[in-house]
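Once you have looked at the hints, place chain B on chain A.
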Amino acid sequence: MTMDNKVARRIRDVPPSGIRKFFDIASEMKDCISLGVGEPDFDTPWNIRESAIYSLEAGKTHYTSNHGSTELRKAILHYLDMRFGLKYDLNQIVVTVGASEALDLAFRAIIDPGDEVLIPLPSYVAYMPGVSFAGGVPVSMHLQECDNFRITPEALTAALTPKTKAIVVAFPNNPTGAIMTKEDYEKIADIIIEHDLVVISDEIYAELTYGTPHFSIAALPGMAERTIVINGFSKAFAMTGFRLGYAAGPKPLLDAMVKIHQYSMLCASSMSQEAGIEALKSECANDFAQVKKMTAEYNRRRRLMYAGFNEMGLTCFEPLGAFYIFPNISKTGLNADEFCTRLLYEKKVACVPGTAFGDGLDNFIRCSYASSLDNLKEALRRIKSFVESL
Amino acid sequence: MDNNALYGEILDLLENDARMSVEDIAVMTGVSADRVREAIAHMEQEKIIVKYAAITNREKVASEEAEALIEVKVIPKRGQGYDDLAERIYGFDEVKAVYLMSGTYDLSVIVHAKSMKQISKFVFEKLAVLEGVASTVTHFIMRKYKEQGVILSAKEPEERLVISP
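Protein chains in written order, with our numbering: chain A, 1 to 390; chain B, 1001 to 1165.
Please keep in mind that the hints were generated in silico from the structure rather than gathered at the bench.
The structure presented is a predicted model; accordingly, all values stated were derived computationally and were not measured.
Hints are all accurate, no fakes.
If you want a taste of the chain B side facing chain A, the calculated C-beta under 7 Å gives, among others:
1. Met1028
2. Gly1030
3. Arg1160
4. Val1162
5. Pro1165
Cβ atoms here follow ideal geometry from the backbone N, Cα and C, with glycine treated the same way.
Next up, chain A with everything else stripped away, as it sits in the complex:
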């Protein structure tokens, strides 16, 4: 007897992650340098960890409100206003188990069977499956290197159909490092309003920009009313393992998300919420000193990687946010999968092929620079010698 056919079709139909194969090989390999890590290499600042420890000692180990603790939501309100000029009420926020849960809630709250959701590609691996799991139809919106991987009115219009219900925007972007400015968003805002789309804006990398501060699409006139802003603590405060995120948006949509959240998750971990309060309060009071320190360090590495890839002839788009660089490897004559596989076996450097972030991204690889300077230099040296050997 097989259980395979018992798996729901919409789950079965989603292909396995393109990252898995490289993970399995790289995990077994000694002296492998990984540029495949999608999380900060900094430890969580000690004051944040210490407050989580204290919360356990103080016995703050009970359920919180479904929306998240009031103190944390107040801190989030203050933060969103101070940093991005976004204004919400306390009941327009839900604290979630990572931004990932917020994303899942958003999809489940708005999608009816057959609804189409526009996903910009390249982008983070979870959007397409998330839409499918919720019974929707993910529709690719292919962004171009020549457009700096930004969403253009043309790309958006080309993907629209009468069934389009929502659009995902995700900037600063994983894997390209692209950002969208206020002007870029203004160019597509009218189309979004005209077609009455819901916007799901994943802003998890908002604190990690280099030069141009993050702009949230929800800050444009007429947008907050239709936008679910998703953010979290993982990237800005190096808190990935705490699994703490949140969503903010128009009340009807938030109420729907909270309805799912209260039955499926109840609330985010109480000690993580305590740590989140410390993260926001200390940074807001301290001019974001720790965030700035981490960003300054990422920026140096970003410049090193950008110069390194261009020097070895792999032209690459200059990333302006997040901690990834997305070199174009078409010159080598290899496709992304071959390039990454051979680089891993021959030089012991792990990168992720662009194909993991969307169909047709055969010409790109994603390299994370959330790794020590020594590692990055050695990795660049090895990649260079690999490219020269081709």
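What follows is chain B alone, placed relative to chain A:
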């Protein structure tokens, strides 16, 4: 990038790794190598960069060497304040650092010597007998946990997943 911002960036990098090459600094700050060279020369001349030294952990080499923090209470002299006495104290080779403090004592003196005995000798032969020194309290450093922002007995950090989305 204006000069002050560049100086700050370079100091951040050199404080972390004094051996970083000019070329690497140039790439990481996004300015030319010549400009970095000029900036470093300027900061060396102005004593903004005072010295290039290593942070060491001498406990790892078998050694009797000892270090102490000495609290010194002082009777300041009219017209000279504490400077005159501070100068007489920092002149000694054994003295690694001298700070004027607020609080219950006046000068904080860090002393380094071949052994605890030698430090004791330095205190009662050289320091305590200086004119103007009212009293001293000597604290020997027993173990260093963190030095200049670097944790000396750092545990290996938890491994991250090799590849994650």
